[in-house]
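Novice: Residue numbers (this note's numbering), protein chains in the order written: chain A, 1 to 479; chain B, 1001 to 1356.
Calculated directly from the structure, the hints in this document are not laboratory data. Be a bit skeptical, because a hint or two may be false.
Partial list, computed: chain A residues near chain B (C-beta under 10 Å) [to be verified]:
1. Pro121
2. Phe190
3. Val396
None of the values given here were measured: they were computed from a predicted structure. Glycine included, each C-beta is placed from N, C-alpha and C at the ideal position.
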Amino acid sequence: MSGSAIVTEVIVAFNVFVLFYFVALNSTYLVLFVISLVEVLKFVRRTFFSDYRQIMQSDMTWPISVLIPAHDEEKSIVETVRSMLMINYGELEIIVINDGSKDKTLPRLIDAYELRLMDRPYKRVIPASEIRAIYGSLAHPNLIVVDKDKGGKADALNVGINLARYPLFCSIDADSIIEDNALLRVVKPFLEKPVETVAAGGIVRIVNGCEVKDGRVTRIALSDRALPILQVVEYLRAFLTGRVGWSNIQSLLIISGAFGIYKKEEVIEVGGYTHDTDTEDLELVVRLHEHMRRKRRPYRVVFVPDPVCWTEAPETLAVLSRQRNRWHRGLLQTLWRHKRMLFNPRYGAVGLFAFPYFVAFELLGPFIETLGYLVVIASYLLGILDVHFFLMFLAVAILYGMFLSIAAVLLEELSFRRYPGWIDLTKLLAYSVIENFGYRQILSAMKVKAFWDAIRRRRAWGQMQRKGFQPAKEGTLSS
Amino acid sequence: MQSVLIATVISIAALFLGLTLLIVFGKGWREVRDGSRRARRRALEPLVLRYAHGIDASIFSALGGVIARRDRVVVEEILLDHASRVRGVEHERLCRALDELGFVDRFLVRLKGPGWWRRAEAAEKLGLAGAKRATAPLAQALADEVPEVRLRAAKALGLVGGRAAVLPLVNALAEPNRWSTIRIADILTGMGSGVVTELMDAYPKLNDHAKLAALDIFGRIHALAAVPWLLPRLDDPAGNVRARAAHALGAIGVVDAAPALRKALDDPEWPVRAMAAKALGRIRDTGAIPALSAALRDREWWVRANAAEALRLAGRRGWMALEGMLDDDDPYARHQARQMLDLVRLRPPEKSAGAA
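Take these sequences, add in the hints, and give me the full structure.
Specialist: Following this line, the structure appears as structure tokens:
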């Protein structure tokens, strides 16, 4: 058999593999969408008459320690803390951990909240860096700011856990804004099933384009720039049709670091956040799954689709690339670290469904997609490309991508309707189509590079360039 | 193969277009419907309020006789909206209108319907409508298979009120869903001291978390009548019960409970010690100052923090005790004392009978 015949055979075999892979991937997406549709509608009906005021006032609602790790967050930290101070919740303490910021993060906090040095003894139940100083607020007794040497986000969160007084802690990114009732909504699973619930996360939305005043999102709108809107569509798909579905089959592997609540006792049991992964939030949730399954304890990790955390999204491809590079490296590191869970029935649905999905589709998907494009070029050069078949297949792939994005927008329209205007809806619909021509391919390429970087053991923090929140115009009404 | 692909392309394209149209027309239809309802509401609301204020004798005459089918939703919305916000005669008139216009009957039918969401909604609306005749069906709905329906029925029973509603609600505290228990406890608390006897009678039959909720309710409604019943709970074999009983006694604030609470400061379980310290602070018991000072050296932060707070609340003698702890050998005790004295300087506690 000649060399070109062997190449042809390999390419044909790869094409058959891609066909099966494509069917499997999209069938999974479809199943997740159907589950999510049912769950989201059920959720909306359940919360139709919610009495959050009574829940807030109830003595029986669990108190929460809110942990905000901050590294060089001078542009947004004051607003983030202000949004937390104004949040509707009965009893909570806010612990900001300044992780060796070189900018004015700490001075800004000291000025804004009248901080002064204080003593606060604590048990170091999780190994973490030394603390330089602890500040208390004269104006807000439930706010403390911890200053420490730079040790990374995981280390900062571990310091926060050591200082936290309450049985639940909530991790929040320093560039995020939490909605008024978000804590009340996301704490509900802990109140419903206090023994089983170990972690719960809420939906993260993109603040670019919205107006922010006094730590509150006062007007919701989409950005004028393309990249944030593309990410809005992507986030809707990931949260509304992904995490809702995984949560329903008790296999949720990700709770966004931007907004998640955990039971402190269980997190301490597993040793807190780890320092040696790029996505400590994902790793912690997977470790909780592994720990609870191994101990054969009933547990659940819940995604609540309504609580909203607003966060700033990258506005340039360079920053987006760094962010996605870090996320994908973190995914690879986490899946590799817990590889024994793969197809292991001991870990239930997590081992049999979620883990294989994340390995086959989330981790390797971009790699296979990129390889597919290269194979198409090779096939064309070798003269074995059935152009008609290729174009039809491409049409199916693109249309299916558009269908999934539109389905996510539909879920949003059926349920939460956060973007009320016709212009925003038109933008969402248009970008559900546009994202399939370039954006997805660019993301795949970024992830392939991340794969390569992870193999070469390159690590970088994927520093986000913050613009800070867009202030509200004078006279803007609350949304 | 290609024909399969063509069929797939056409199907997905049709699905995509279908969803897009669904989104666009759905939004359009919603906006038109809401706009129309707002317009009708602007027209009908003054008429309903004329009846509510007693200007018109009957809701029918206020609305000009027969209500058009399309207006029924709007009228129902107006009546429920105002009934949830007003009290007294106006509330009674609005509730009567809901009954006279047949809405209550419709809610009662829906309460037994097949859709859980409809049942939950019907229960909620019956509560807002203050429909006394719905007490028995709502009590039955407390046994519904769906927690949301049970919770809405409990809330409705709380709004409807009356003694007939108390016992089913007390029994409903045994709900397996803790969230529902919290809400039902809130509802019973809102009903005030009228629930004390039923709670004490039902207590032995309640499950563990319902017992804890019951103890909390006594504290929250400041049930003086429950104090003699609560004191023996400080010797209950269950630590949780002892802790909640201490908390309830502190919330009620009866000085007679102080000796038993001082004894509870030596309880082997720290939540009991923490709650006893908190309760003694609330009672402003100066007799407990030595024991509270000793509790500043407790191994558990909550006990130390509550003891320090109790000393702050005890007035000058408590503050002197805190100053005395500044030289203590125990660094945690010193820290608590220092922190609390800082707070005394910043925010002196309000004067009370117990403060020296």
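Novice: Taking the hints in turn, state whether each one holds.
Specialist: Against the structure, the hints:
1. At a threshold of 10 Å, the smallest CB-CB gap from Pro121(A) to chain B is about 5 Å, leaving the interface hint in force.
2. With a least beta-carbon distance of about 9 Å to chain B, the hint placing Phe190(A) at the interface is held under the 10 Å criterion.
3. The interface hint given for Val396(A) is met, as the beta carbon of that residue sits about 5 Å from the closest beta carbon of chain B, less than 10 Å.
Violated hints for the displayed structure: none, as all numbered hints are satisfied.
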